[in-house]
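2 protein chains.
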Amino acid sequence: MTKSLQTPVFGRLALIGIGLIGSSIARVARARNLAGHIAIYSRSAETIARAGELQLGDSYSTDPAEAARDADCIIICVPVGASTQIARAIAPHLKPGAIVSDVGSVKRAVIEQIQPHLPDNVHFIPAHPVAGTEKSGPDAGFETLFDNRWCILTPLPETDQQAIETLSRFWSACGANMEQMDADHHDLVLAITSHLPHLIAYNIVGTANDLETVTQSEVMKYSAGGFRDFTRLAASDPTMWRDVCLHNKDALLEMLARFSEDLSALQRAIRWSKGDELFDLFTHTRGIRRAIIDAGQEVDLPDFGRQAGKPGSDEKRDALK
Amino acid sequence: MTKSLQTPVFGRLALIGIGLIGSSIARVARARNLAGHIAIYSRSAETIARAGELQLGDSYSTDPAEAARDADCIIICVPVGASTQIARAIAPHLKPGAIVSDVGSVKRAVIEQIQPHLPDNVHFIPAHPVAGTEKSGPDAGFETLFDNRWCILTPLPETDQQAIETLSRFWSACGANMEQMDADHHDLVLAITSHLPHLIAYNIVGTANDLETVTQSEVMKYSAGGFRDFTRLAASDPTMWRDVCLHNKDALLEMLARFSEDLSALQRAIRWSKGDELFDLFTHTRGIRRAIIDAGQEVDLPDFGRQAGKPGSDEKRDALK
Chain C
21 MTKSLQTPVF GRLALIGIGL IGSSIARVAR ARNLAGHIAI YSRSAETIAR
71 AGELQLGDSY STDPAEAARD ADCIIICVPV GASTQIARAI APHLKPGAIV
121 SDVGSVKRAV IEQIQPHLPD NVHFIPAHPV AGTEKSGPDA GFETLFDNRW
171 CILTPLPETD QQAIETLSRF WSACGANMEQ MDADHHDLVL AITSHLPHLI
221 AYNIVGTAND LETVTQSEVM KYSAGGFRDF TRLAASDPTM WRDVCLHNKD
271 ALLEMLARFS EDLSALQRAI RWSKGDELFD LFTHTRGIRR AIIDAGQEVD
321 LPDFGRQAGK PGSDEKRDAL K
Chain W
21 MTKSLQTPVF GRLALIGIGL IGSSIARVAR ARNLAGHIAI YSRSAETIAR
71 AGELQLGDSY STDPAEAARD ADCIIICVPV GASTQIARAI APHLKPGAIV
121 SDVGSVKRAV IEQIQPHLPD NVHFIPAHPV AGTEKSGPDA GFETLFDNRW
171 CILTPLPETD QQAIETLSRF WSACGANMEQ MDADHHDLVL AITSHLPHLI
221 AYNIVGTAND LETVTQSEVM KYSAGGFRDF TRLAASDPTM WRDVCLHNKD
271 ALLEMLARFS EDLSALQRAI RWSKGDELFD LFTHTRGIRR AIIDAGQEVD
321 LPDFGRQAGK PGSDEKRDAL K
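Residue numbers (our numbering), protein chains in the order written: chain C, 21 to 341; chain W, 21 to 341.
Bound-form chain C, shown alone (with noise of 0.2 Å):
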């Protein structure tokens, strides 16, 4: 985490949308002096007021012209089929040498959507901060959302090199770890890190929720078994949700296919009591939890440290300390 009292990154930092990722961008922004000043957009005037009385900026504007109107940089984090119509709305009024980035979960689509409509005069790079929580608006944001997340870049190959630095200077200082690849595999990537597990989740709580003979008290009492883990990514925004699914279609299908298909063959060792064949998988996976917790993208408590929020865990609630 590095935290900056020096010259800031930005003179003028506009951020296009002002929920979860919008916000938590704001508060870091201000608490590390990353931007000069913070033009706030959103296409909601209760939001938009509702982010004046968090002062998350220094200006507020349901016009994203208004809000991207000299700006040094210029970031979209609204849900990614909102972005042509964003990339339309501001381009006119960009300042020459202008950064424009986004927080977008998909890179090749929301690249087809804003790259066209951009004047050559500004430097386009797309980005993905990989982190969030299942809350959305402006009061779910906060300034350590980033820290130690991996920010993928995802440039073209004619973007300029210096604009590109800048922009990684901007998310190191927010916290995030810095990573370059290309749009498609990041679609890839993102696929089975991030959509297919999200999907998987609703059709779960989908699925338990059509039950016949489970009454809905049931899930609900004994969801501590495992299916509350699911109802976290459940509650996701859905607008966001849904454009992710309709914006990585190929390479979450892909991902579906082999997942279906893994789980036939899991079905059919259970079918035919293969125990041998569950016991394999089931030590396999064991070791995957271990090394993301050794990458440091995972809390090491059981529980996700969750028993801590039990009244009476005093103990638990210790090892938090």
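Since the hints were made in silico from the structure, they are not lab data.
All of these numbers come straight from a predicted model, not from anything done at the bench.
Hints should not be assumed to be uniformly reliable.
As the list makes no split between identical chains, a pair holds if one copy fits it or if it spans any two.
Unchecked claim - Listed below are the simulated DSSO-like cross-link pairs for lysine-lysine, each with C-alpha atoms no more than 27 Å apart in a straight line: (1) Lys269 with Lys294; (2) Lys269 with Lys155; (3) Lys155 with Lys294; (4) Lys115 with Lys269; (5) Lys115 with Lys294; (6) Lys115 with Lys155.
Chain C is already provided as a structure; the job is to place chain W on it using the hints.
Just chain W, lined up with the frame of chain C:
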């Protein structure tokens, strides 16, 4: 949570198996004075030595008959596939009037394995405390594991009411809420709230592990996008979960079939860009998490309160206090 320093519920309590559940029972029984003497069995000399070092009980043995002899209550805490063997070993040594119970995640198969071997003069009451973490072994248990979790009894019709009440009193003092149901219904309910979630988690982690196009290192680095949630359940004890799959086959295959059917519909919605269908499902599932939190079965913190485990997140850590 009930703390009692009055008369213990049982004079002698035998714990047959001292893993996560057995050692949690030992800890809460000791802390809340629920048993005069705690006798502990493990088939492994190493585990029994560790239980001794942790001072989990009053006597230790690698012979189940020795631990069960003279006990007022015997709780079998081994993987469900080992139930027959334990029942056979302890049956000739049981004190008349003793309560024999278990903690298995399936109930019909456990009844079939245990009941035929027991003498008529003991009370057999199958039980399932729906609580746990992904950790296993005698070090993994803790006193508050059962606080505000549900413990399901599936007594047979002829079971002595007094014995049921005594066992309920014990589990209530351990912190659990009590419920009774038929063994077959239990197995159906747990198939959706616990067994299917574990199976799906094991499966997706296996799928991610087998990709040629995405490296292991990439899966780790970007797992915070959602994947890491599944690795927790997929790190659970392989023997326990192999046995659950083999002993709740019918209910699990039924739930798997429904899950796969729903997933195919979802896949089709993605392929044909049916955004409204996706949005409807993703919206509907959101309320279910809220209901689980309201039912006291989940922490009311974003990201399971997991941000508290991140270095430097003082703000979120304070939220746990």
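These are the hints, each one checked on the structure:
1. Within a single copy, Lys269 and Lys294 get their C-alpha atoms only as close as 35 Å, which misses the 27 Å cut-off; across copies the closest is 12 Å, which meets it.
2. In the homo-oligomer, the alpha carbons of Lys269 and Lys155 lie at most 27 Å apart inside one protomer (24 Å), although the nearest pairing across protomers, at 36 Å, exceeds that limit.
3. In the homo-oligomer, the alpha carbons of Lys155 and Lys294 lie at most 27 Å apart only across protomers (24 Å), although the nearest pairing inside one protomer, at 41 Å, exceeds that limit.
4. Taking CA atoms no more than 27 Å apart as the test, Lys115 paired with Lys269 passes in neither setting, with 34 Å inside one copy and 64 Å between copies.
5. Taking the shortest alpha-carbon separations for Lys115 and Lys294, neither the intra-copy value of 65 Å nor the inter-copy value of 38 Å comes in at or below 27 Å.
6. When the C-alpha separation of Lys115 and Lys155 is checked against a cutoff of 27 Å, the pair qualifies neither within a copy, at 33 Å, nor between copies, at 55 Å.
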